[in-house]
Every structure is written in structure tokens, then in C-alpha cells.
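2 protein chains.
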Amino acid sequence: MAPIDVFAHVLPPDFYARMLKIEPEIPKRYAFFNNPTLSDMANRRACWDGKTRQVISFVNALPEDYVGADEAAKLCWEGNEELIAMRRADADMFEATVLLVPMNNMDEAVRIVNEQVCGNDDVVGVQIFTRALGLSIADERFRPLFSALAKADVPAWLHPVFDLRKPDNNIVFSWEYELTQAMMQMVQAGLLQEFSDLKVICHHAGGMVPFFAGRVDRILPSDQAADMRKFYVDTAILGNPKALDLAADYYGVDHVLFGTDAPLGIPPAGATKEILAAIDSMIVSDSDKDAILFGNYQRIIG
Amino acid sequence: MAPIDVFAHVLPPDFYARMLKIEPEIPKRYAFFNNPTLSDMANRRACWDGKTRQVISFVNALPEDYVGADEAAKLCWEGNEELIAMRRADADMFEATVLLVPMNNMDEAVRIVNEQVCGNDDVVGVQIFTRALGLSIADERFRPLFSALAKADVPAWLHPVFDLRKPDNNIVFSWEYELTQAMMQMVQAGLLQEFSDLKVICHHAGGMVPFFAGRVDRILPSDQAADMRKFYVDTAILGNPKALDLAADYYGVDHVLFGTDAPLGIPPAGATKEILAAIDSMIVSDSDKDAILFGNYQRIIG
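Residue numbers (the numbering used here), protein chains in the order written: chain A, 1 to 302; chain B, 1 to 302.
Check each hint, because a few of them may be wrong.
Copies of the same chain look alike in the list, so a pair counts if it works inside one copy or between any two.
[Stated by the list, open to error] Simulated pairs of lysine to any residue, SDA-like, Cα-Cα distance not exceeding 20 Å: (1) K28 x I219; (2) K273 x D217; (3) K273 x R218; (4) K230 x D49; (5) K273 x I219; (6) K166 x D139; (7) K166 x L133; (8) K166 x C47; (9) K230 x V172; (10) K166 x G134; (11) K166 x Q185; (12) K51 x L276; (13) K199 x P24; (14) K230 x D121; (15) K199 x P167; (16) K289 x P167; (17) K166 x L135; (18) K230 x A85; (19) K21 x Q188; (20) K199 x K230.
Honestly, the hints are just simulated from the structure, not real lab data.
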């Protein structure tokens with residue numbers, strides 16, 4: 001069975017062209033927008049290992065940061081269709097897609113869950129970001145989206161963004177901190193209690209939680225500490241088998257899914273090889289490794 | 001050989017009474033100020049395990065946050081004398097002291113290193129905090145202190161404080177993030193290059209660095225990534241042997257020192273028992289465990 005990389009990114013070219021018309025400065029914000037394997041699928045294929053099947057999602061050029069509710073919804077719907085077409089055009093490389101929703105338009109976000117995700121074999125979930133509209137993802141305003149995801153049994157993929165209120169942001173540590181803060185805020189907002197079927201797959205092996213499990217367990221109220229273990233996490237920490245063992249120990253092996261952040265992290269097309277090697281070096285059993293590589297994904301997607 | 005806890009705190013009662021006269025609200029900021037075992041040594045002894053020898057430092061009620069340069073220096077000098085007297089009065093419990101310096105008075109901070117630390121058998125180092133005067137500890141303004149520490153071969157104990165410019169601070173994760181940011185800022189300021197003999201012992205097992213070593217190694221320039229491994233770290237993460245193994249793997253066993261944050265973390269008097277059990281459960285050899293429990297401290301203090 002081929003490994004399934006649950007957290008891989010693309011930048012659909014038509015969507016990106018529209019975003020650039022709205023904000024030409026986007027590629028200056030993050031150097032990684034210029035990675036050609038995000039948009040050029042011939043290039044992507046040239047770097048492909050010939051076996052790993054990627055679940056593709058957008059990189060963070062987010063419509064709600066730049067345009068109003070109606071235009072953001074249109075950009076999401078059409079960008080998602082383009083993403084789905086990319087998956088179909090390279091179905092050997094791309095296992096499935098994870099869609100974008102307009103966070104400034106909850107009605108259309110819910111409609112995307114119910115009409116563009118559900119019943120579409122090319123789609124397995126929705127990507128959310130740690131903050132939106134200057135608010136935590138756990139803000140009351142976004143609750144309709146979580147309600148819709150839980151009702152439809154659609155998993156959310158949680159990706160970090162900077163909190164622009166804070167100085168000294170950097171991509172080495174700040175994204176990981178924001179991911180962790182968002183997880184705690186979701187727990188403290190009661191989202192994992194109210195929507196007990198909600199599945200959230202967190203990028204970067206669940207951020208700071210496994211290493212600081214002692215603080216989580218001793219400082220948070222026990223029901224919140226228990227909810228922190230309900231998250232699912234990927235393996236996108238660029239290697240580090242001992243850290244992956246720690247994550248598996250904390251969340252349980254059944255909550256860890258192979259994910260790489262491809263094509264980012266290690267030039268030219270990501271850390272797929274390094275992360276596969278790290279999983280191979282984990283102390284868990286071979287059947288647990290298979291669960292991480294594809295079994296857990298298949299169980300969650302159903 | 002008894003374990004030596006390198007990161008334990010007290011709150012000298014005369015010093016605290018003076019600080020309370022200046023700012024009566026201090027105990028409202030952090031609940032832990034009300035822990036009686038911080039100031040009442042009869043209480044502390046009643047909770048003592050009868051073997052662990054603690055290296056004691058102040059909790060973070062920091063003079064420079066409240067008063068000018070002269071008064072801050074006086075509070076530090078006299079508070080340090082009180083701390084030293086506490087050590088002498090309970091020399092079976094307290095291995096040594098780590099002194100406070102006024103960050104708004106570099107001349108007196110340097111004089112404390114040269115006159116109150118050096119040549120005093122009761123003192124082994126100086127405690128610094130991740131930020132001071134609203135600036136990073138790596139700010140140019142604090143360089144004279146690092147220069148003095150390096151010249152005198154006096155280790156620095158690095159403790160986190162909140163960055164008050166940032167919203168959503170919490171003691172579960174924000175302190176760990178601030179610790180990590182300060183470590184990176186020290187490296188990026190070139191402090192570990194300019195002062196190559198400088199020894200910095202970081203609280204909480206070195207923050208986010210071991211878990212995100214992949215990001216550190218891949219995103220930072222290689223000389224900076226190498227400098228990140230020069231820090232020494234304690235074991236104060238409330239248990240979690242797999243996380244301690246990860247820290248030992250990243251920094252090297254010779255850079256990990258038993259430290260608990262006593263009497264904080266687990267009521268009534270800290271996590272000494274839990275952290276000793278975690279070290280016992282680490283995968284490293286028995287001689288490596290002895291190095292963590294006392295050998296590395298003895299080597300560093302010399």
C-alpha cells in the first residue's frame with residue numbers, strides 16, 4: 001500500500017492569478033510562493049517519488065484577507081473546482097483534495113461543506129487556519145462551520161498562520177506556537193465537547209503539545225487536558241523520529257497521520273524522503289507504521 | 001551522590017516585603033506567589049524529600065520592572081545577601097544560590113557578577129529573564145552583562161517571562177514560546193559566537209527547540225543552527241521521559257541538568273518526585289542518568 005501524505009500543498013494557477021490581481025505583494029510575504037512545484041504540475045511530477053499519494057490543499061493565500069464576503073466565496077468555490085481538476089488530472093500523484101472556505105462568509109462556507117465536499121469522491125475535508133479576520137479560529141463567529149463539519153462528518157485540516165497582532169513572528173517557531181494556541185482555544189471554547197464527532201488534523205505533529213504534555217495535564221482543567229488528546233496530527237516536522245515517537249505516545253498511534261508539507265521544507269519538492277525515513281526509525285511496530293502511513297487516513301476518511 | 005536540582009525557586013521574605021511596598025498587586029499577577037513554601041523554610045523543610053539539594057533562585061518579581069536604576073541595584077544586592085543567608089541557614093537542603101541582577105543598571109549588574117558571585121562559595125550563577133525593560137534579553141544594551149559572565153566563567157540561568165506586547169499569554173505555552181524566542185534571539189545576536197565560553201542553562205528542557213529541531217536545522221543558517229545546540233537545559237517539564245530523551249538527543253546528555261522548578265508545578269512543593277521518576281525512565285545509561293542528576297552540574301560549576 002502506497003503512503004498517503006495527508007498534508008501536501010499546491011497553488012492552483014488560475015486561483016493564484018486572481019489573487020495576484022487583488023494583491024500583487026502576496027509572493028513578497030512568503031518566499032515559498034515562488035516554489036515552482038506548487039503550481040507547475042510537470043515540475044511537480046519530475047520531483048515525485050513515484051509512489052507517495054498526496055492529499056492536496058491550498059497554501060495560505062486566503063481570500064477573506066483581501067476581499068469581501070461575496071467575492072471570497074466565489075474565489076473559494078472556483079479555486080476549489082480548479083483544485084479538484086488538478087487532482088483528477090494527476091490522479092496517480094494526488095489521492096484527494098482538501099477545500100478552502102471563505103471565513104468571512106459562514107453561509108457559503110457551510111454550503112461548500114454540504115455541496116462541494118460531501119458526495120464528491122475527489123474531496124476529503126476542509127482546511128481551516130489558526131486565525132481568521134483577526135480572530136481566533138475558536139471564535140463564536142466560526143461555530144457554524146464546525147457544526148456543519150461535525151454534522152457531515154467532514155474532517156478539518158488545521159494549518160497555522162501568524163497572529164499579526166504579535167511582534168517577532170518567524171516561521172521557525174511562531175507558526176508552531178499559533179497552532180498550539182489555536183488548539184487550546186478550540187478546547188477552551190468547548191468545540192470538542194459540543195461537536196464530539198469533530199475530527200481535526202493538526203499540522204506539524206500537533207505543535208508544542210506533546211513536549212509540554214506535563215504542563216497541559218497539570219495546568220489545564222482535566223476535561224480540557226483530555227480534549228487536547230482528541231486531535232489528530234501529521235508528521236510534518238522534517239524528520240526527528242524521537243519527536244514523532246513522543247507525538248504518537250501522547251496522541252496515540254491511531255491519531256498520527258503521515259503528512260509532509262510537500263513541496264515545502266526541503267528543496268526542491270519537500271521532505272517526503274526524510275519523513276518516510278523518520279517514520280521508519282520510530283520505535284512503534286510495523287503495523288503501527290502502516291497505520292501512520294495510510295491506515296489511519298483510510299479509517300478517518302471512511 | 002544526592003541529586004542536585006539546578007532550577008528551584010524561593011522568595012526571600014524581606015526582599016518580597018520591600019517589593020510589596022512598591023507594588024502591592026504582585027501576588028495578583030501570578031497565583032504561585034502565594035505558595036507558602038517559597039518563603040517559609042519550615043514549611044519547605046516539611047515538604048523536602050530529605051535528599052535533593054536545590055540550587056535556589058528568585059521567582060520573577062523583578063526590581064527593574066518597578067523602580068529606577070539605583071533602587072533596583074540596592075534591591076538586588078540586598079535580596080541576594082538574603083538569598084545567600086537562606087542557603088547558609090538550610091545548607092542541607094540548598095546546594096547553592098543563583099543571584100538576581102538589575103537589568104536597568106548594567107554597571108551594578110556587572111559588579112554583582114564580579115563581586116557578589118565570584119569568590120563566593122554560596123553562589124554559582126546569575127539568573128536572567130527572556131525579556132527586560134520591554135526588550136529582548138539579546139538586546140545590545142545587555143551585552144555588558146554577557147561579557148562579564150563569559151569573562152568570569154559564570155553561567156546564566158535563563159527563565160521565561162511574558163512578552164507583554166503580545167495578547168493571549170498563558171502559562172501553559174507562552175512562557176515556553178518566549179524561552180525559545182529568546183534562545184534564537186541570543187543566537188541571532190551572535191552572543192554564543194562572541195562569548196564562546198558563555199554557558200546558559202535554559203529552563204523547561206530548552207523550550208520548543210528539541211521537538212522542532214528539523215525546522216531549526218533546515219530554516220536557520222547552519223552556524224545559527226549549530227549555536228542552538230550550545231545551550232544547557234534543565235528537566236523541568238513535569239515528567240515526560242520521552243520528551244527528556246528527545247532533549248538529551250538534541251543537546252547531548254552532557255547538556256541536560258536535573259531541574260524541577262520546585263516548589264512550583266505540582267502542589268504542595270513541586271514535581272521533584274515526578275521528575276526523578278521521569279529521569280529514571282529515560283532510555284539513557286545509568287552513568288548518563290548520574291550525569292543529568294549531578295555530574296553535569298558539578299562539571300559546569302567546576
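Against the structure, the hints come out as follows:
no., hint, in the structure
1, K28 x I219, "between (40 Å within a copy, 17 Å between copies)"
2, K273 x D217, "between (34 Å within a copy, 16 Å between copies)"
3, K273 x R218, "between (37 Å within a copy, 15 Å between copies)"
4, K230 x D49, "neither (32 Å within a copy, 36 Å between copies)"
5, K273 x I219, "between (38 Å within a copy, 18 Å between copies)"
6, K166 x D139, "both (18 Å within a copy, 18 Å between copies)"
7, K166 x L133, "both (15 Å within a copy, 18 Å between copies)"
8, K166 x C47, "neither (37 Å within a copy, 41 Å between copies)"
9, K230 x V172, "between (25 Å within a copy, 18 Å between copies)"
10, K166 x G134, "both (11 Å within a copy, 14 Å between copies)"
11, K166 x Q185, "both (17 Å within a copy, 16 Å between copies)"
12, K51 x L276, "within (12 Å within a copy, 45 Å between copies)"
13, K199 x P24, "neither (35 Å within a copy, 46 Å between copies)"
14, K230 x D121, "neither (26 Å within a copy, 50 Å between copies)"
15, K199 x P167, "neither (32 Å within a copy, 28 Å between copies)"
16, K289 x P167, "neither (39 Å within a copy, 39 Å between copies)"
17, K166 x L135, "both (13 Å within a copy, 14 Å between copies)"
18, K230 x A85, "neither (33 Å within a copy, 49 Å between copies)"
19, K21 x Q188, "neither (39 Å within a copy, 36 Å between copies)"
20, K199 x K230, "within (8 Å within a copy, 40 Å between copies)"
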